[in-house]
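Peer 1: Protein chains in written order, with numbering that gives the first Met the number 0: chain A, 0 to 336; chain B, 0 to 210.
It cannot be assumed that every hint is accurate.
Here are the simulated EDC-like cross-link-like pairs (lysine to aspartate or glutamate), alpha carbons at most 16 Å apart as the crow flies [as the list claims (entries may be wrong)]: (1) A/Lys132 / A/Asp146; (2) B/Lys120 / A/Asp118; (3) A/Lys205 / B/Asp153; (4) A/Lys205 / B/Glu25; (5) A/Lys132 / A/Glu175.
Computed spacing ranges between beta-carbons, pair by pair [stated by the list, open to error]: (6) B/Glu19 / A/Glu19: 20 to 30 Å; (7) B/Gly188 / A/Ala211: 47 to 57 Å; (8) A/Pro145 / B/Glu167: 52 to 62 Å.
It is worth saying that the hints were derived from the structure and are not from the lab.
Since the structure is predicted, the reported quantities are computational estimates derived from the model, not experimental observations.
For each residue, glycine too, the CB sits at the ideal point set by N, CA and C.
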Amino acid sequence: MSQANPAKKIINNPLKCADELFEGLVLAYDGKARRVGTRSIVMNDLRPNAPALLVGGGAGHEPIYHGLVGKGMADGAAVGEIFAAPPPDIVLEAAQAVNRGKGVLFLYGNYAGDVMNFDIGAELAEEEGITVKTVIIADDVCSAPPDMKHNRRGVAGLVPITKIAGAAAQTVDSLEELARIAQKACDHTRTVGVSTKSGSIPATGKPTFELADDVIGLGMGIHGEKGVGLIPMCTADELAAKMLELLFADDLPLAAGDEIVFFVNSLGATHMMELLILLRGAKPILDARGIKIHQTIVDNIVTCQEMAGVSFSITKLDAELKKLWDMPCESVGYTKL
Amino acid sequence: MPKANLSKDEVKAMLLLACERIIAAEPMLSQADRDLGDGDHGMGMERGMRAATEKLNAGEVESIEKAFSTVGMAMMSSMGGASGAIFGTFFRNGGKALNGKETFDAAGLAAFLQAGVDGVKQRGGAAIGDKTCVDAMEPAATKAAEVATQSLPDAITAVTAAAEAGTEASKAMVAKFGRAKTLGEGCIGFPDAGACSVVVIITAFRDFIVA
């Protein structure tokens with residue numbers, strides 16, 4: 000039966016996108032991960048007797064969060080509907096599946112729905128005797144000032160943060176230690192995003208926000224949440240400078256000699272060509288400040304459908320974070336040799 | 000004929016009407032959310048109410064409490080997101096306040112609304128004036144307490160007006176929660192989508208009771 004599909008997306012049933020993409024994701028893991036319960040994905044080969052790392056969030060932003068399940072990455076993910084946090088019973092199913100007696104760290108982005116559902120999920124898990132700790136990712140510098148960090152959204156910085164927490168989950172023995180390192184990775188990570196065009200809701204084809212053709216939404220969130228303002232359309236070099244300026248103006252000290260992970264992310268439709276041109280524009284500005292890129296990531300990992308836009312994330316590495324960063328990882332969303 | 004009080008089967012029928020009304024209101028609710036957030040509120044509410052309809056129709060309801068909590072559980076599990084947690088909590092907590100009640104009257108309506116909004120405030124941390132569903136729920140609960148000794152049709156009529164007024168008042172507010180908060184003053188002039196859903200639900204209650 001044909002369904003209304005005004006967004007001209009290559010799908011089957013607009014109301015079944017979350018379930019069907021999830022089934023496809025499990026297949027993409029080639030047997031290394033499995034489906035658990037309603038809509039959770041969990042790695043098969045988990046280190047015994049270790050604290051667990053559970054991530055999660057709404058669907059429609061693929062490959063995150065569920066595509067960050069992997070070796071040296073998250074142990075499992077609870078997956079919601081399109082743009083909606085996973086309900087508490089899905090969080091519980093995922094927590095039960097990843098727990099190996101040492102408790103579970105919930106690591107997810109700071110959105111009201113995620114916080115409420117993961118909190119209810121944590122209460123249900125505690126009732127089942129599973130210890131839960133929570134670290135909330137809030138790396139978007141444009142969503143609130145530094146003294147209001149609890150109001151900041153979690154955006155593309157979640158990739159380096161999950162990578163570091165995933166490495167920690169391979170090495171530490173206690174949930175407290177895992178939570179400490181994940182929190183440290185969050186404290187060391189900042190992101191600035193911009194948008195040039197809206198994505199659409201798969202079920203309706205309606206845009207998630209309106210944005211004029213001749214402007215860029217500076218600091219706009221991955222669902223089109225307003226950022227710091229609109230600027231006229233500009234060149235890649237000008238935009239790279241503006242984005243880095245916002246990152247430097249935040250409260251993460253970045254001095255000459257500091258080593259960073261620099262992540263240039265497409266929000267969906269922005270082409271690798273543009274990401275590379277932006278990277279080229281950013282590099283001399285970082286060089287001029289003596290900031291050393293330890294690793295560059297240029298990819299589309301944190302997306303919102305066909306939204307066009309880009310984000311820069313910086314994770315400042317100290318000795319501990321660098322060691323964890325350098326461990327290999329493998330997932331559908333991000334792999335590092 | 001307006002109904003003086005409701006049996007458990009009538010409560011079930013009233014809740015089914017609320018589900019039907021939310022499903023029909025999906026385009027309006029989605030537009031309300033698009034003005035302030037990412038535009039998925041209507042879809043989520045529709046999904047929740049379809050699940051609730053299925054659960055309510057699955058068999059006979061055991062009690063009035065169970066009828067409300069069935070809706071809450073179905074919404075929470077099927078929707079996810081902020082709306083699933085909030086409306087799930089509203090119906091579940093509200094339902095608990097009706098434990099042991101054989102009929103649903105104006106006092107029951109007041110107990111349901113108060114326990115529901117208390118649960119929502121505790122879960123989400125929102126207060127009145129934050130431009131959330133609490134801006135419809137709390138005035139409704141306050142009004143319900145005032146009219147708890149009146150007839151159920153009179154009470155629900157007054158409560159519906161209070162929820163509508165609260166939602167209208169939310170237009171002038173600057174959001175402190177959810178995605179709308181990042182709009183700052185840009186959200187003035189639009190009502191909160193969650194508050195709009197509360198009005199649809201309570202209006203359905205009124206239409207069922209007064210009809």
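Peer 1: Compare the distance between the alpha carbons of A/Lys132 and A/Asp146 with 16 Å, and conclude whether the hinted pair is satisfied.
Peer 2: violated, 24 Å
Peer 1: Need the status of pair B/Lys120, A/Asp118: alpha-carbon distance at most 16 Å?
Peer 2: holds, 14 Å
Peer 1: Against the range 47 to 57 Å, how does the distance between the Cβ atoms of B/Gly188 and A/Ala211 compare: consistent or not?
Peer 2: Cβ of B/Gly188 to Cβ of A/Ala211: about 19 Å, so the range 47 to 57 Å is violated.
Peer 1: Between the beta carbons of B/Glu19 and A/Glu19, is the distance compatible with 20 to 30 Å?
Peer 2: holds, 27 Å
Peer 1: Hey, A/Lys205 versus B/Glu25, does the alpha-carbon distance stay inside 16 Å?
Peer 2: Satisfied, since the Cα-Cα distance of roughly 13 Å is no more than 16 Å.
Peer 1: Check whether the Cα positions of A/Lys205 and B/Asp153 lie no farther apart than 16 Å.
Peer 2: violated, 40 Å
Peer 1: Is it true that the CA of A/Lys132 sits at most 16 Å from the CA of A/Glu175?
Peer 2: holds, 8 Å
Peer 1: Kindly confirm whether 52 to 62 Å is satisfied by the beta carbon distance between A/Pro145 and B/Glu167.
Peer 2: violated, 36 Å
Checked against the numbered hints above, the structure violates hints 1, 3, 7 and 8; every other hint is satisfied.
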